[in-house]
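> If you want the building blocks of each chain, they are given just below.
Protein chains: 2
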Amino acid sequence: MNIGEAAKMSGLSPDTIRFYEKRGLILSTKRDEKGHRYYAESDVGWLGLLACLRGTGMPLAETETFTHLVNEGEHTVPDRIDLLENHRERLAEKRAELDAYEKHLDEKIAYYNSVLKSQKHEAAQ
Amino acid sequence: MNIGEAAKMSGLSPDTIRFYEKRGLILSTKRDEKGHRYYAESDVGWLGLLACLRGTGMPLAETETFTHLVNEGEHTVPDRIDLLENHRERLAEKRAELDAYEKHLDEKIAYYNSVLKSQKHEAAQ
DNA sequence: CCTTGACCTAGAGCAGCTCCAACCCCCTAT
DNA sequence: ATAGGGGGTTGGAGCTGCTCTAGGTCAAGG
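Heads up: the sequence lines are chains B and Y, in that order.
Start counting at 1 in the first sequence, then tack on 31, and there's your number in this note's numbering.
Start counting at 1 in the second sequence, then tack on 31, and there's your number in this note's numbering.
Careful, some of the hints might be misleading.
Just so you know, same-sequence chains aren't split out, so a pair can sit in one copy or run between any two.
What the hints assert, rightly or not - Within a straight-line C-alpha distance of at most 20 angstroms, the following computed DMTMM-like cross-link-like pairs (lysine to aspartate or glutamate) qualify:
#, residue 1, residue 2
1, Lys134, Glu36
2, Lys39, Glu72
3, Lys65, Asp46
4, Lys53, Asp63
5, Lys65, Asp110
6, Lys134, Glu124
7, Lys39, Asp113
8, Lys148, Glu138
9, Lys139, Glu103
10, Lys65, Glu133
11, Lys65, Glu36
No lab work stands behind these hints: they were computed from the structure.
Produce the entire structure from the sequences given, and follow the hints as far as they go.
Have a look at this one:
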């Protein structure tokens, strides 16, 4: 499939895919006779994983490291697990932070709603 | 209190506070006779809210809009509620996305662990 | 006295996209 | 056959939101 379809399926934009390719994050990019990129199912799986790593906040440099490990072969599986588990741990922290912020936000909204209510009350008097 | 303390308490860095000040996001910044910024408790509350909005992914432009509303006075409370509730809704979407990515990540880790196991198995034979 | 540390400023640098101009190729409709 | 639309290509500029650096002031401590 072409880059547009691969983009839709993976959750990355075509621009991002090209950008990642420059950074060496794409395992395989073949071109047709017109010079257009095309991708197989398995390539899209990889793009989806990149989208996942990006979406969970992994820095590009680390995603690069991960890509290198994948390129080096099966003996790097323990290292890949380490990297992903570290990432998952940091993610858990970020999620806790996000939970706290979300609570803060909800409290603020609730507070403003109470202000609004008392404003209406005043206006009615 | 000074900027360093305010930073620690609010969750923003001193650099970020100064940057936000330039962008007009700080309600009040007073200076002492040396030209150093100092903040009251209530200022730190505002900084904490900015940290919350940032942490939940609100774009600066929107945070700017929000700040303007706050500066305009109590009659903007309904608009503030609108803005924050829209933000909360988008946040819910982002959270759903994050959940999906986290699941993807966990599956990948589980997959690699199964690969690792079968590698050991092979080695033992 | 001099080092340390916290503050100040303006401005450069960075991450990670995102958009733009200028071009190619193919298809369809007039 | 040509005009327009929709896809692709490139290099590079622009954007967001910090983050860091250089070069400076001041106050306290060894």
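> If you check each hint against the structure, which ones fail?
1, 5, 7 and 10
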